[in-house]
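Trainee: Sequence:
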Amino acid sequence: MLPAISDPESLTPITGSASTDAAATDSSSRSLDVLANRRRHYVLQYLEEADEPISLEELADHVAITEHDEDRSTIADYGDALLGTRRRVMLSLRHLHIPKLEAADAVDFDIDANTVTPGPASESLLARAETVEATTGNEYNNQ
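Position 10 of the sequence shown, counted from 1, bears residue number -6 in this note's numbering, the numbering being contiguous throughout.
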């Protein structure tokens, strides 16, 4: 028998309802989307170790060097060869990755000073990334 619409029990939300489950799934999906790119992951890791706001240029240098498995002391050996790479990384951070991280409250971007600081969700996103890496054994490989 189908419940009557006027039946009070039929109007009572069920604990763990679809809307609650959907909101949790949506939140989890958004955080995994933010973490799905290694550049965003590198930014969060670098900011976690910083005590002060980091310039976008410094973040771009860090990401470019990390992606190419280079040591900062070897930059002088490459000279302008890394300049194009740094520029591409800085543009992708500025126009794609930092806005996504900012939308997820993982970073705060000061457009006037061109600096980035960790946001309120930064630590929880990094913890989730480490959990995913430990579970799957994979590091983020997308660019």
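Treat each hint with caution, since some may be false.
[What the hints assert, rightly or not] Pair ranges (Cβ atoms, derived):
#1 Arg70 / Gly121: 28 to 36 Å
#2 Ser76 / Ala97: 29 to 37 Å
#3 Pro37 / Gly121: 31 to 39 Å
#4 His79 / Pro37: 16 to 24 Å
#5 Glu36 / Thr119: 29 to 37 Å
Quick caveat, the hints were computed from the structure, so don't treat them as lab data.
No residue lacks a Cβ here, since even glycine has one placed at the ideal position from N, Cα and C.
Trainee: For each hint, tell me whether it holds in the structure or not.
Mentor: Against the structure, the hints come out as follows:
no. : hint                       : result
1   : Arg70 / Gly121: 28 to 36 Å : 30 Å, holds
2   : Ser76 / Ala97: 29 to 37 Å  : 20 Å, violated
3   : Pro37 / Gly121: 31 to 39 Å : 34 Å, holds
4   : His79 / Pro37: 16 to 24 Å  : 19 Å, holds
5   : Glu36 / Thr119: 29 to 37 Å : 33 Å, holds
Consistency with the previously given hints fails for number 2 only.
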